[in-house]
Structures are given as structure tokens and as C-alpha cells.
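Colleague: So the chains spell out like this:
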Amino acid sequence: MEFFRIRQDIAFMRYARALNVVSLLTFVAAVVFLVTRGLNLSVEFTGGTVMELSYEQTAPLVEVRQTLNTLGYTDVPVQNFGSSRDVLLRLPAAGNQTSAQQSEQVLAALRAQGEQVTLRRTEYVGPQVGEELATNGLIALALVIVGIMLYLSMRFEWKYAVSAIVANLHDVVIILGFFAFFQWEFSLAVLAAVLAVLGYSVNESVVIFDRVRECFRRYRKLETRAIINKAITSTISRTIITHGSTQIMVLSMLLFGGATLHYFALALTIGILFGIYSSVFVAAAIAMWLGIKREDLIKPDKDIDRNDPNAGAVV
Amino acid sequence: MNRFPIWKYVVLVMALVLGVLYTAPNFFGEAPAVQVSALRSTVKVDAPLMQRLERTLNEAGLQIQGSVLQGNSAVLRLTNADDQLRAREALEKNLNPNPQAPAFVVALNLVSRTPQWMQDLLAKPMYLGLDLRGGVHFLLQVDMAAALQKKLDTTAADLRVALRSERLRHQGIAREGATVTLQLRPDTPSDAVQRLLAQQAPDLQWVEQTAPEGGQWRGQLRAEVVRQVQEQALKQNITTLHNRINELGVAEPVIQQQGIDRIVVQLPGVQDTAKAKDILGRTATLEVRMVDESAEGRAAEQGQAPVPFGSARFFDRNGQAVIVKRDVVLTGDNLNDAQPGFDSQTQEPAVHLNLNAQGARIFKDVTRENVGKRMAILLFEKGQGEVVTAPVIRSEIGGGRVQISGRMTTTEANDVALLLRSGSLAAPMEIVEERTVGPSLGAENIARGFDSVTWGFVVVVAFICLYYAVFGVISSLALAFNLALLVAVLSMLQATLTLPGMAAMALTLGMAIDANVLINERVREELRGGATPQAAIHAGYERAWGTILDSNVTTLIAGVALFLFGSGPVRGFAVVHVVGILTSMFSAVLFSRGLVNLWYGRQRKLSKVSIGTVWQPK
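Respectively, the protein sequence lines represent chains A and B.
With numbering that gives the first Met the number 0 applied, the first sequence corresponds to residues 0 to 314, in that order.
With numbering that gives the first Met the number 0 applied, the second sequence corresponds to residues 0 to 617, in that order.
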């Protein structure tokens, strides 16, 4: 079984300019959405109380909202979570009550409505802990970026490091853009997924760059653009099969993981798909435009000039 | 060329055996059990008690699957959950005849069914996080500023009294923020003040500021004193919490310091969160009262007469009755500090108390008037009082420094000092984070995580075997080996498994396949290029290794960053991720190569390898 019967190198770089313009536009769109709509941050970052309730039959969302209104909570997000019987509430932090009192009060009021309701889970995060988690998340992101850039500069060269990071940050911003546009809940788990995607995406670019280095060594006569095309063509089979396999695992998570892992798996899916695109077109193209040359990776002057008749002679 | 030396195979076989051995405990499941622990440190849980427990259960008609003494508690395994509840009832009735004064705690617990020989080898199942087990998680913040302010306030009040008794007049002493400011009058002798400050308030660093209208002394807590106060406040609060949580009867609670001013409390399996929160918030109060030494009082102490009017009966830690008067002489508010130490004259273990100015005055009066009589120090919790100690007053004690000694071992002195200090929490605590997961959700989450990993694994394996034939089978075996090693390492580390952790397992498998795909594709390419099969295998593994290393290191960097800055479930994710990457490198390169070498390596004249279609362009 062979899916990739490729006869000759596909000229990926020919489409580089056009596709990078598309990339830039989606990138800008993502940033616009992030700025205007903002991320739907979960309670872990904003502080507040989350209650997950389970009803015997379909949850009466309208009545729940009314009950909350009478308690004084206007504009509290109440939504189904997973199945139609589960409800997720998000209460803002109330100054004069502790979270324990808040959740007891709400539960008592809902029970008084007559339906059988059980509390499956509550989560309370104080506002300063939320801030800390957000800060720590950003520091983690910065650390990952710096670490990867250092490592790539060491193994390859700075141009490769820069292009890999730019391409993969582009991935991350696109994922965030999706979350901002659809207002999906951005929790700590999603942040973890984003960082995992960053690592994974760079992984992709590294495989391609590794091939580029090998092709530079092997095919001395080819110029940079052709080398890149060759490198990508040789690795495209591996790229797609690996991404496919990872996507199968993530799909399994989407199907069986339940509501908790849902957005996590979604972030991973987007990351995996865009990962292929960004590594193939964006990373390689930027590396090309930054001007990678054979000499960057291969130290010159160790080779003997083959045209010199005296080369290699030992007297 | 494609041969592994024997020692490499030995390493692989050992790794495989260890992997299976340490993964196995996770599949044994858990058995319902009851855990009996003593509420008082003086009561020992030992073999005679165990016999009594077993007898009680046998009389109740319950079958015991196994029993073991663990630390200071006895764990008895039962057949099912119903038996568990009945066992608890039977034991409660037998061990705690007086429900108001329980001597033992009987808790419901789940113990793993792992066979003992495995547990002796330290092969235990992974520790399940709260989102998989159900329970409560609190993060409490200790208000350190309040603790320090309290200390400064008491110092200022004490100084005021000391200055008055030395007849040093001043214009005011007050605490402003973190500084105590003493405003002197122009005629106040400065060196006398200095001596007093050094003597009465050595914990502060004093700086003088002279001025014509009266100098000013400003004092701030020394850095090491601040640190000491913070550490002690935290430790004291943790101990208080420990005692509280023991009463809940929770098995395996986690109470840990986090950072310099936070405490993490995790109570797995607790259903009644309201009760847990209530108990955590409680404090104990301290009281000092005189012992009733009248004839009626003494008779009541022996048990021969009822408690006289105006007094009350309390029990001390050894179970002896003490009759105390109802009037309260001192409360915990007057107690500044209690430290274990040694008697200055007899070198016996003793407890040194430090009372505040008001307390010192009251104490001086009481001891002057009651030499030769006994004084009782009581600790009240939940409205129940217990006599900590009831020493005889030998002489008038002034100055607020009191020593309690006599018939105490060093451990007892430590315990008493701790108990006295925990009379009031050193610093107020506030719940800043709280997570409650119901038990049904916990079980569901485990099922979900398990399903995701299993189904994904099955589909990926099917695909890889179809695509790469025998090499695909070898890759799948390597993947299974990877999973086994991953679970084994996590079990060995006793890492906490959370739902994101299981997601990380699924993700790691997806990424682990990458290394195998790299190798297989490379081998195919070499074969396409015309290399002989043996050379193709060799070249494939050689060339792929550099790429595998690079790509895994970058993913490792992301995992490590997540570990350092994540918390809670995210940290669980990061741990699994990092360990998974390491095991995947090991399994992909060493294990799959080992298998390939075993299968193909020996055939000198290998004509073709089963790696699926090696398509050649015409």
C-alpha cells in the first residue's frame, strides 16, 4: 500500500508567495478576532465559581436562568454541557459571600424548584490565583519559544530557527483566532494543548529542515529552491501519515473524551491540520526568503576541488 | 550489520519485564475496606486491637478478605460496599461507645487489590487525581500580613505596659503599617528607652531618630524573625488542619505547603463538601481555669460524687477526670506563644508559655493567690473540652513567662506546645481555589480516558500494519511497548494521573508513531533507490535517528515548560507528555530495531523485506 506515488519533485515553492499571502490574511483575521471578540476565558483565568449540575431529565434551562435572576445573578452563562441533562453554570465572584455559600444557595434554590438535581462538580478560583495562572501560562509560552529557538540555532542555523518559530506562532495565533471567533471556552487544558501543538509543529519543521540539510549535502548542483522542493517532496509521505495517525488519536478523544476534553481535542485538531500547512509552506518559504544557502549548514573548504589535478596526491 | 549484541537484547527483555510488572497493578482494581485510626496519639493501633476488630466483624457475620496494619491504622478488606457500610457501623458501636467522645475514627476506604508480593516490590497503581477519583481540593491562602501585624500589635501593647511600669513617659506608641513607632518626649532619657527596647522587644530592629521636640524610635521586624513567623504560621496551620481532617475520617488526605504562603488540601472520596469546608474553617479555643479542689470536687474526680454546682468535669488525655471551676481565668487571646523546651533547673522536658501583658498581669494575680493549688489548661473544640495539662502552682509567676513541667516526655512537651499554639490559628486562612468532583464523574472520566486511548490505539495499529506489513507489525509492537513503559514509569514515580494526563497518553502515542513512520519511510526510500535490503534497513535507522532526536527534543522543551509553569491537571498532562517522549524515543529506536534485527538481521542473503509496497517510478 503506497499512497504517495510521486514521480517527480512537486514544486511547492512555486505556490509559496500566493499561499503566504493567504497565511498573512488569516493571521491578520485571527488577530482581529482576538482583539475585538477576545477569548472566552474559563473560570481558571478569570476567577469565579463553576457548577456542573445533572438533572434526571432534560434540564430546564429557562427555569434555571429565572431562578438565578431571582437570586440576583443576572447574565450568568447557563448552558448544556455534554448531554441535554447536564448544565454548566458560571457564577462571578461575589464579594460578600464565599464560594461555598454561593453554591449552597444556588443548589438549594434549584432544588426548591422540584426537580431532582445533583451537583456533579464545582470549581472555585479566586481572582488572584486566576491571574497567576494566566501569567504562568504566558511565561511558559515565552520559555518554549526561547528554548526552541536556541535549540534550532544550535542544530541548524538562526535563519531556520526564526522561520520555524514564525511559522509555528502563526499556528498558535490561528488556533487562538478560531477560539475567539467561535467563542469556545479557553481553559488551562486548552493552553496545554496549544503548547503541545507548538512543540509538535516545530517537530514538523525540523523534519523538513533536516532533509534540506541532507539534500544540500547530497545534491551539490541543485539550487536552494529546488533543494527545498525535493526535501518537502521526500518527506510529504511521512508528514501526512504521522499527522493522520495523531489525528486518529485526537479523533478518538473527540468522540470518547466527553465534554471536558472536547475543546482540548479541538485545539489539537486545528493545530495538527494547520501544522502541515505551516511547516510545508510557511516555514520553508520564510527560510528560503531569509536566504538559506548550502554554506550555512555545510562547512566549506574541507572538500577537495575535484578539478585540481594535484588534489589528493600524497608524495 | 543488523545485529544487536546480546547485552542489548538483555536490556530490552528486562525493560519489557519491568514494564509489564509495573503496569499490572493498575489493572487489579480496588476493594472496599475500612480503616481504623486512633484519634489520640496516646492510643496505639496494634495486634491486640486488630484481633478485637476482627472478632467484632466476625460476630457481625461479615467476611474479612484481608487485614493489615499500616502506620498507625488498621485496614480491613471486605467483600463489597454493603459489607463495608455494615462493618463501619459494627466497629463504631464497639470502639466508640460514647459518640460524644470518640476514641477511634472508622473511615471508608478503597484499597488496591494488588497482590502483596507486588507491593513489596514497590509496584503500586498510579495515584489517581481528583478528577478521576472524586473528592475535594482546596487551596488555602494564609494571610501572612495579618500574622505579622498581630505580632507587631502585641509587641506594641506589651511595650506600652513596660514603659509605664518603668515610668518612662512618651507621647505614644503605635503600629503604622509594618513599623512600630514610639514617640518620645523631649525629656525622656534615650538610653533607658534603648535598654528597655532591647530587653522587651528583641525581635525588632530599632532605629532612633533624634529631634528637638522628642526623639522617635522606629522598629521593624528583623528579616529572620519575619521568616520564622511565616514558617511557624504555616506549619501551625498545617498541623491544625491535620487534626481537623483526621476527624473527617478521610483516608489518604493530602495537606501540603505550596509556595511560601499557601496550603493545598486534597480529600479524595469525600462526598460531603459542606462538612469538609465547615471543619476546615473551625478553630479551637484555649482556656485556663482553676481546678476545683474542694472536698466535693475531689470526690467527683474519684467518681464517687456528682459534679458540684459551679464546676464542670473534663477529661485529660489519659482519660482521667479533672473537675474545674466554671470561671475562666485566661483565654487563648492572652497566649502569645508556646514552645517546647527544658526546665531551667531540673532539665526535664517542659513547655514554655509566653503570655501577653494583660495575660501576664492576670496570671501573676492568680498564681499569687493560689500557691499550692492546681490550675487546668483546657482546649475546646466543637464545644468539647479536653484538659491539656493541670500543673500545681508552686509560686507567684510574673512577667508573663510560664513554664509547665513535670511528668512529660519530650514528645509530649512538643505535642502540648503544638496543641496550645493551635488554640488559635496563627494567621487567618482563606480558600482561594476549590474544586469538587462527584464520585460518579470520577468514574466516568476514567472510562472516557481509557476509551480514547484504547480506540485510538486500535485504529492506528490497524492502519500501520496494513500500510507497512511486517515493519508495521513491528512498529505496532513498539507502540504497545511504549505504552506499557509509559504506564510503568508513571506508576513507579507514583505520579498523579488526571484526565488531561490520559489525554497526554493518547497524544503521546500519536506522536510516538512519528518516529516509526520516519524509519519505515526511510527504509522504503532506500529500497526504492536500489539499496540491498540489509543496507536499506541499516541506512534507514541511521539516517532517521538524527531527525528523531531533533524533533523529540523540541517537543520535550514544550513539555518541560508546561511542567514548570503548569499547576494541577496541566502539570499532570506535562508529566505524562515528558515521560512519554522519553519512552517513545527508547522504544522506537532500540526496541523496534531489536525486533527488526531479530527478524531480518540473521538472514545473510536477504532478498526482500516485507514493508508494504515499495513503489518505483517507471
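Derived from the structure by calculation, the hints contain no laboratory data.
Glycine is no exception: its CB is placed at the ideal position from the N, C-alpha and C atoms.
Among the hints, erroneous ones may be present.
Partial list, computed: chain B residues near chain A (C-beta under 10 Å) [said to hold, decoys possible]:
no., residue
1, 338
2, 364
3, 432
4, 454
5, 468
6, 508
7, 546
8, 551
9, 552
10, 556
11, 609
12, 611
The following residues of chain B were derived to be distant from chain A, with all beta-carbon distances above 10 Å [to be verified]:
no., residue
13, 197
14, 444
15, 510
Colleague: Now tell me, hint by hint, if it's right for this structure.
Modeller: Verification of the hints:
Checking residue 338 of chain B against chain A: minimum C-beta separation of about 33 Å lies over 10 Å; hint violated. With its C-beta approaching chain A no nearer than about 42 Å, residue 364 of chain B sits outside the 10 Å limit, and its interface hint is violated. Hint status for residue 432 of chain B relative to chain A: holds, with the closest Cβ pair at about 5 Å, below 10 Å. The restraint placing residue 454 of chain B at the interface with chain A holds, with a minimum CB-CB distance near 5 Å, inside the 10 Å limit.
Interface restraint check for residue 468 of chain B: the shortest CB-CB distance to chain A comes to about 9 Å, inside 10 Å, so the restraint holds. For residue 508 of chain B, the interface hint holds, the least distance from its beta-carbon to any beta-carbon of chain A being 6 Å, beneath 10 Å. Residue-level restraint check for residue 546 of chain B holds (minimum Cβ-Cβ distance to chain A is 4 Å; threshold 10 Å). Residue-level restraint check for residue 551 of chain B holds (minimum Cβ-Cβ distance to chain A is 8 Å; threshold 10 Å).
A cut of 10 Å between beta carbons decides the hint on residue 552 of chain B: the least distance to chain A is about 6 Å, and the hint holds. The restraint placing residue 556 of chain B at the interface with chain A holds, with a minimum CB-CB distance near 4 Å, inside the 10 Å limit. Proximity of residue 609 of chain B to chain A is violated relative to the hint, the smallest CB-CB distance being about 12 Å (cut-off 10 Å). Hint status for residue 611 of chain B relative to chain A: holds, with the closest Cβ pair at about 5 Å, below 10 Å.
With a minimum CB-CB distance of about 39 Å to chain A, residue 197 of chain B clears the 10 Å threshold, and the non-interface call stands. Its closest Cβ contact with chain A, about 7 Å, brings residue 444 of chain B to no more than 10 Å, contrary to its assignment away from the interface. With 10 Å as the threshold on Cβ separation, the claim that residue 510 of chain B sits away from chain A is violated: the shortest Cβ distance comes to roughly 6 Å.
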